[in-house]
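As they're listed, the protein sequences go chains U and D.
For the working numbering, count along the first sequence from 1 and bump the result up by 11.
For the working numbering, count along the second sequence from 1 and bump the result up by 113.
FYI, nobody ran anything at the bench for these hints, they're computed from the structure.
Virtual Cβ for every residue (Gly too), placed ideally from N, Cα, C.
Check each hint, because a few of them may be wrong.
[To be verified] On the chain U side, residues computed to face chain D include the following (Cβ under 10 Å):
id, residue
1, 98
2, 102
3, 137
[To be verified] Going by beta-carbon spacing under 8 Å, a handful of chain U positions derived as facing chain D:
id, residue
4, 59
5, 81
6, 82
7, 93
8, 97
9, 99
10, 106
11, 109
12, 111
13, 113
14, 114
15, 116
16, 146
17, 173
18, 191
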Amino acid sequence: MLSLRGLTRRFGGLTAVDAIDLDLAKGELVSIIGPNGAGKTTLFNLVTGLDRPDAGTIHFEGQDITGLSPERLAAGGIARTFQLGRVFGNLSVMDNVLIGAHTRLRAVKPAVPVIGPLLELGLALLRPASVKAEEERLREEVRAILARFGERLLPRIDQPAYSLSYANRRRVEIARALALKPRLLLLDEPTAGMNPTETAEMQALVAELKAEGLTILLIEHKLEMVMRLSDRVIVMDEGRKIAEGPGEQVRVDSKVIEAYLGHGLSGTSEQDSAA
Amino acid sequence: MSSWLDYTINGLIVGNVYALVAVGLALIFGVSRLINFAQGSIYLVGAYIGWVAVVQLHTPLPLTIIVVAVAAAIVGLIIERFGLRPLQNSVRIAPLLATIGISFVLDQLVMLTFSPNPRALPSQLPDVRFQVGGGTIGPLDLLIAGVGLTSAFLLFVFLRYSKLGWAVRAASQDRDAAMQMGVDVNRVNQAVFGIAAALGGVSGMLVGMYYNQIDTAMSLQATLKGVVAEVVGGAGNVPGAVIGSLLLGLVESYGVAVFGTSYRNLFAFLLLVVVLVLRPNGLFASARQAPPEPLTGTFIAPSRPVRIPHWALAVAAAGFALLPLFPVSFYVLQTLINAWLLGMLALSLTLVAGTMGQVSLGHAALLAIGAYTSALLSLTLNVPVGLAVIGGGLMSAALGTLLISPSFRLRGHYVSIATLAIGEIVSLVILNWESVTRGPIGISGIPPLSLFGYDLISPTSIYWFSFAVMVVLALLQGRLLGSHLGRSFRAIRDDDIAARAYGLSLNRYKSLAFIFGGFAAGVSGGIAAHLYSYINHETFNTQQSILALTVVILGGLGNVVGAMLGAVALVGLPEVFRVAAEYRILIYGIVLLLLVRFRPQGLLGTM
Ligand SMILES: Nc1ncnc2c1ncn2[C@@H]1O[C@H](COP(=O)(O)OP(=O)(O)O)[C@@H](O)[C@H]1O
Ligand SMILES: [Mg+2]
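Start from the sequences and build out the full structure, keeping to the hints where you can.
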């Protein structure tokens, strides 16, 4: 359903993403691991349209989506979370997650060319029954999504996101992504900064999403979680894909061990690039 | 042919002057990612210190230059130490607002000390012209070129060979990395503010001598020109700023040659808008770059808005509505009418700057568009005044949004620059488009307000009318904020990258915010036109934009009730305390500074 071919992004002299090929089938969960600075987040930015590749193509559900705007891709069913967390700080938990459902607004956002935006303004002010019903339905949905996080978010539904704990902000991000009803979900280090209990909760949630058939691309440092969840693991280092395969196989790959252990040691990276 | 050479020389000389301002802006932007709106005020201060030195102290030229440079540098250091350093850990909007406030305060202080009337600043140089090729060049031209080259050389040596210069370069490449390596950021900031101020001050003095005239309007012009040059060269790029300045000087000079003097500024601002649209990173920017993570939620101060119960609002509204039935003086009504007009403008600005995060400094232009439209509709087409005012609102919504749209892809400080420039463009077009706007003469004999055929002439009826219009606009805006649009606007303000990743189109929602806000501002301007009965291109000026901004911050960014409360407070309190008119603007500037420092969330909190 997602396929990358020769995807490349350079920043000045640095090639952050270097000719990456990747295929993701429907319902699959693929993890991307690799040391910091390997180019994982940049790869996510390319797939979600926040950055444009210098070379290579991205196909999603058979269509070439290379270089499309993030707005278009969101409407096409791609949702993501951000490594360092990008919640809307002054919005309540409810509003944060409602923004996730923005691409699904229909009644208040009629797909009329040219005067569409003006109609949207008018409908937002007049609020006919259809608009009110839609808003109410989405709010119900948001409550259902928040319920997946147990008692973590529901009691704080009206609090501004900036007042939440770090872990709760990460949860809000995931809830927001789920509200988009994504066909492809990209999670960028969802457990970064979480303690073991919180990590276990997150792992259970991701496993649940996978069981529901969601297609997921996961960046994660906690290898134990990666090994349990992933159908396949891709290892990146210095922009390149250095290994790919089932978790157990990648784990014992010598290049991977070198990349993790010997990173920065003289000689090893040259050997890697030569290999 | 010879005259072309003259225009080229003139362009390069003026460009040299701009470069002195722009280089300082670029240095400051480089290390602190801040557009220093007070740079023009330092330039103004430099010009007046030069005047004091030359005219009162009779200093010789070399000493004059040194006095100006040192005095301006001290002003720069004070601004850095007391205006900006306390805001180091605040939200991103805070230093932006602080430099705006500082600029306002400095300009007013100069105006109060020296009066707003222009003064002559003699150049102390012999008045001869040398023939060079086909053109002529004077000693002052050579002085300016010499000062420009010497400053460039000194700056180069400083940045290249001194330890502090190395620290400045390190900090502008990667501030965090530099801090980890032990670079003292405060020292770096001091250095760049001191240098920028010295260069800016000398520049102001030289310009004063070049035109043999200084006045307080120089400040805003200098900030704008410096920023144009800096943005053209690529923000934070010091050599780029020099090239951008020379380019700007030449474009203006040739533009004046072809179209005449009153078009000088128009070219500068059009150049800015074109560059911002086509190459927002400047002509010499290297590669396209995505902004680094995270930029989350730090633009405005987070706070919980004070919730005022509906009944209390209803009681307050009823109180103000019934006020004219009590024996109150004409003076009180007049003051409150002004507050309601300002309240409408503040509603507009609080939506755009607070809810949407686009800190507009050209908001008075929306008033002007509404006022001219309404005045001309009623005067030339005999449209009933009530409809004409609505027409003014609609025109302001449409035209304002169209004009501002090039700035939609910009962020933070750039939006303020672009809106400031667009505001100036509007006022210049009004001045120059005589066949429609009657140019500098202005429009007189505008019919009074009327509704359904009844003229509203008594203060009471005008009071009720403007109050009712403001309340209706406020109710509509409250409804807007409660809809999915309010949520979308605020999401874009908090994090436009995350907003885009969730399908929110920046163009669409920024347009909608400006359409709604433009309407309110246009209606305010329209009503004002019919109250004043005479308007010209200076009726709606930057002072009103800044006043509205202060109101908005006082009330709480994005806060509808806060905007109205702020308007009543800022219009009413000076009346209560009988503050002399010339000190009011100074007080507004100081209020703005104090708010940014001590209560960034305003009285009622940001929404
Ligand atoms: N906007 C940018 N400009 C310049 N360099 C960048 C930018 N974004 C990322 N990089 C660089 O690209 C490399 C890959 O970064 P990133 O994708 O964030 O790695 P990861 O997510 O694997 O830790 C790093 O060296 C980083 O410094
Ligand atoms: Mg990353």
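How the hints compare with the structure:
{"no.": "1", "hint": "98", "result": "7 Å, holds"}
{"no.": "2", "hint": "102", "result": "6 Å, holds"}
{"no.": "3", "hint": "137", "result": "9 Å, holds"}
{"no.": "4", "hint": "59", "result": "6 Å, holds"}
{"no.": "5", "hint": "81", "result": "4 Å, holds"}
{"no.": "6", "hint": "82", "result": "5 Å, holds"}
{"no.": "7", "hint": "93", "result": "6 Å, holds"}
{"no.": "8", "hint": "97", "result": "4 Å, holds"}
{"no.": "9", "hint": "99", "result": "4 Å, holds"}
{"no.": "10", "hint": "106", "result": "5 Å, holds"}
{"no.": "11", "hint": "109", "result": "6 Å, holds"}
{"no.": "12", "hint": "111", "result": "6 Å, holds"}
{"no.": "13", "hint": "113", "result": "5 Å, holds"}
{"no.": "14", "hint": "114", "result": "4 Å, holds"}
{"no.": "15", "hint": "116", "result": "6 Å, holds"}
{"no.": "16", "hint": "146", "result": "7 Å, holds"}
{"no.": "17", "hint": "173", "result": "4 Å, holds"}
{"no.": "18", "hint": "191", "result": "7 Å, holds"}
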